[in-house]
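J.: Listed below, chain by chain, are the residues.
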Amino acid sequence: MNERSLAPVHLVLGPVIWSAWFVLLYGGLSVACEFAPPDPEQGAGTPINVVMIASAVLLAVGLVYLSYRCTHGGSAPLTGTHDPARSFIRGMSSSMYVVSAAGIIALTIPSLVLPPCL
Amino acid sequence: MNEPSAWSGRNREEQMADVWGNLPGWGTLAAVNHTSVGLRFMATGLLFFLVGGLLAMLMRTQLALPEQTIVEPDLYSQLFTMHGTVMMFLFAIPVLEGVAMYLIPKMIGTRDLVFPRLSALGYYCYVFGGLIVLSSLVLEVAPDSGWFMYTPLSSREYSPGPGSDFWLLGITFVEISAISAGVELVVSILRTRARGMSLNRMPIFCWYILAMALMIVFGFPPLILGSVLLELERAGGMVFFNTTGGGDPLLWQHLFWLFGHPEVYIIFLPAAGIVSTLIPVFARHPLVGYQWIVLAIVTMGFVSFGLWVHHMFTVGIPHLAQAFFSVASMLVAVPTAIQIFAWLATLWQGRVVFDLPMLWIVGFLVVFVCGGLTGVMLALVPFNWQVHDTHFVVAHLHYVLVGGMLFPLVAGFYYWLPHISGRMPSYQRGRWGFWLFFGGFNLTFLLMHLTGLLGMPRRVYTYESGLGWDWLNLLSSLGSFIMAIGVAVIIIDIFLHFRFGASATRNPWGADTLEWAIPMPVNSYNFLSMPEVSSRHPLWHTPELTDRISAGEYGLADARHGRREIYLSDAVNGHVSAIVPLPSNSWLPMVTAGALAIVCLGLLLKAYYVALAAALMSLTVILRWSWENGAHPAVAPGGDASPEEPHLHSRTSDGPGLWGMVVVLMSDGTLYVSLLFGWFYLWTAAPEWAVPDKQPISVALLVASGLLLTVATGLYQKAVSRLKGGCADRLGSLLWWVAGLATVHWVLLVLTIVMGSLKPQELAHDAVILVALLYLAIHSGLALIMTALQAARVRFGYVGEALPYEPIVIRPFWLYTLGVFWLTVAAFFLIPLVWTVA
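Line by line, the protein sequences are chains L and H.
Numbering of the first sequence is given in this note's numbering, commencing with residue 1 and proceeding in unit increments.
Numbering of the second sequence is given in this note's numbering, commencing with residue 1 and proceeding in unit increments.
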């Protein structure tokens, strides 16, 4: 990412994506269970669980990529001395992307074992 | 940097004091200065704390022994409702806002908050709203449904008296105060920091307050919406939470806890900010892991919005959904732990000076960690089910809130006391208050965990003997009285300190932040000249900074023009870009809040014409307020700044008002999204959701109205684009054209509502649509009025080619109004239509 694209918005973009995903996860689960509840006997092996897990993996990979771009994609390295404020934002943004990815993975773990609508 | 001139020293100080000082006598009520307003918030909050504490003592007296009737059950319900309400809404949040309002400008090296009149408005809304809520106690009609006002218990059917109305209207009024403080703090922190104070050099306290303020901005609107809907249901008979007609009481719980859980962190974060500020000072060592802590603050701010359902684990939500919130509730312990380990590491690395504030910090660490651990226990669904609504939860929440907020707050009071009094607190006297409070607190609440585990439910006015709870309750009550004695000792100590405390030297604790570069007791303008910083610890790395500021060596040291001036700086790197002339003392905030209080009372007394008249009066006062803005001579006497300084912000297109507007719209948008949530929630989850046979309004008329709004918005964009490009030809007439188009749009919108066949008292479907349409009408009306006002200001020369400030500020409002209009059409009419066809 170049300096221009490393606006402070990157500080919160990761958590914003996490939040939006969480809202969709909870809302989507409620709607799916209202209109197309799978048989509880199926356990965690339902299309709903698959969609949740797949979306989580995709998003987490995307967030880790964004984190990598923050630290390695620009012309100036993280440790550059040209602008401490920019370096700070760079480091913080990168970390926030990783934290958001970890949050998504953590929240997905119950989908591996629990039926969605019980 | 300014050259010291012959006109310096005492003359400068007197001039500065004249410009920044409050009016004498009763005129002090017109003060807008952040120091005065911040201190008033804190003093008023402490008075409410004493009231809330008194209510708690009454409850503990009643529960000390089994089967007592000192307090009757009805009164007991009022007591626990009002105790929670007062402590959460009238003490915890306002007092922390007061701390933030007082400290933030001083810490970031400026002279005031960026919207001083908003600060004062917030204060008066808080006072008047708080008095309205408290008056219900005096009138013996206090709310009694719990501080969370669950429906249907708080609905008209089960709470026919006015208690719930007092709560809903009074607390909504107080929330205006919180949101105004949130907006104020966000913009001030981001745009008015000292020259050179880049984000990475910002004091850690400012990060905490920034997060808190943003959380207020996003966290309070769901409750405001919920309160409005519930009041409409109670007073107007509309259907939102009543299952008959398609409502759902669980919607209230969602809206309440969407606010309620972040609120815990809104309270905790500033207190943690105090801890992060004090520990490095007393450890004589920079905070270990500054970046880690910033990371933890941001993470906590976001995760705290994902926990609300853990208050609703027993309402029948699917297990998997509960598991999501259970995991999220455990995740929030991670950023908390990061902070605790960073504090411990700082103490470990430093050479700790153990003074009075540190005593309270250690108390915080002990109590809060215990509360955090029981919090993780409560995040586990099966355990949560077991102890739900028992005294275990009461014990947990007091460990978190008192440990996480009150202990750091008292530490902070003692730490910053020299600022106000010019005197040092005494360790010898102060420790008595600490130990009494700490001992009493743990005696009360540690045992209460056990009472809860033994099955004693909360919110019961008495209990039978022989259930194993007798001795626990007696000791808890004893502990609460010891705690109360501790509070009394602290108050006496603070009063005594004003008389007997040793005189404080400048920067008495050896702190690193700019608030200690100010003379003590504090003055009205903070800094004689605006400081420049080159480090995160300015007073450690540049000790001579204090003298240079006082000598007027930095910017804006000359106040002979009579303006209250501060710098506007870049949000990231702290480069100064403009000068902001701030409004001086003003009665407008108090009059506005007074008019809003009459609106509130009018609604309470069902005197709707009085409420309407007061609403119009408050709108008129706000228009006057808006008139005296930007380049108006009342705010910016003396024309532009001197040539060696940057322009006044009204001459630029990047003033703080634009940022303020965007932050307000973020809050407004959250309210709208909460409404959308309510719509979709009721549609999918309400057990008796029903849709009328035919469309209750004319969608064609609505779309026609929307097309006019689109044209008006486009025209406004064109006017502003030309203005930013330096062309103000026919600006006034263009704005009048926009206002005219908006008027026709507004009339069509109102006709859509009036001519429709909405039955909001029978169907939740229609009630939500009506609220959505009223929301649109209010926004369109405001856009129209604001534009007409600016068109008039063009005529008076307050807006023009060289003064483009206000039209640029209003532009996002137009875009927002247009956006929510079409979103409403899509969500409330288009999607249901497509769904029905599909």
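Keep in mind the hints are simulated off the structure, nothing from the lab.
A quick note: this is a predicted structure, and the numbers were derived from the prediction, not measured.
Be a bit skeptical, because a hint or two may be false.
[As the list claims (entries may be wrong)] Some chain H residues near chain L, calculated using beta-carbon distances under 7 angstroms: (1) Gly196; (2) Thr314; (3) Gly316; (4) Phe324; (5) Val576.
[What the hints assert, rightly or not] Covered, in the sense of this in silico footprint (three residues per stretch, anywhere, with C-beta under 8 angstroms from a C-beta of chain H), are these stretches of chain L: (6) 11-17; (7) 20-33; (8) 90-101; (9) 107-114.
By construction, the Cβ of each residue, glycine as well, lies at the ideal position given by its N, Cα and C atoms.
J.: Evaluate each hint against the coordinates.
T.: Here is what the structure says about each hint:
A cut of 7 angstroms between beta carbons decides the hint on Gly196 (chain H): the least distance to chain L is about 10 angstroms, and the hint is violated. A hinted interface residue such as Thr314 (chain H) counts as satisfied when its beta carbon comes closer than 7 angstroms to some beta carbon of chain L; here the least separation is about 16 angstroms, so the hint is violated. Checking Gly316 (chain H) against chain L: minimum C-beta separation of about 11 angstroms lies over 7 angstroms; hint violated. The beta carbon of Phe324 (chain H) comes within 6 angstroms of a beta carbon in chain L, closer than 7 angstroms, and the hint placing it at the interface holds.
At a threshold of 7 angstroms, the smallest CB-CB gap from Val576 (chain H) to chain L is about 15 angstroms, leaving the interface hint violated. Coverage of a stretch by a chain is defined here by at least three residues with a beta carbon nearer than 8 angstroms to that chain's beta carbons; for the stretch 11-17 of chain L and chain H the count is 4, and the condition holds. Counting residues of the stretch 20-33 of chain L whose beta carbon lies closer than 8 angstroms to any beta carbon of chain H gives 8, which meets the minimum of three for the stated coverage. With 5 residues carrying a beta carbon less than 8 angstroms from a beta carbon of chain H, the stretch 90-101 of chain L meets the three-residue requirement, and the given coverage holds.
Given as covered by chain H, the stretch 107-114 of chain L passes the check, having 5 residues with a CB less than 8 angstroms from a CB of that chain where 3 are the minimum.
Against the hints set out earlier in the document, violations occur for numbers 1, 2, 3, 5.
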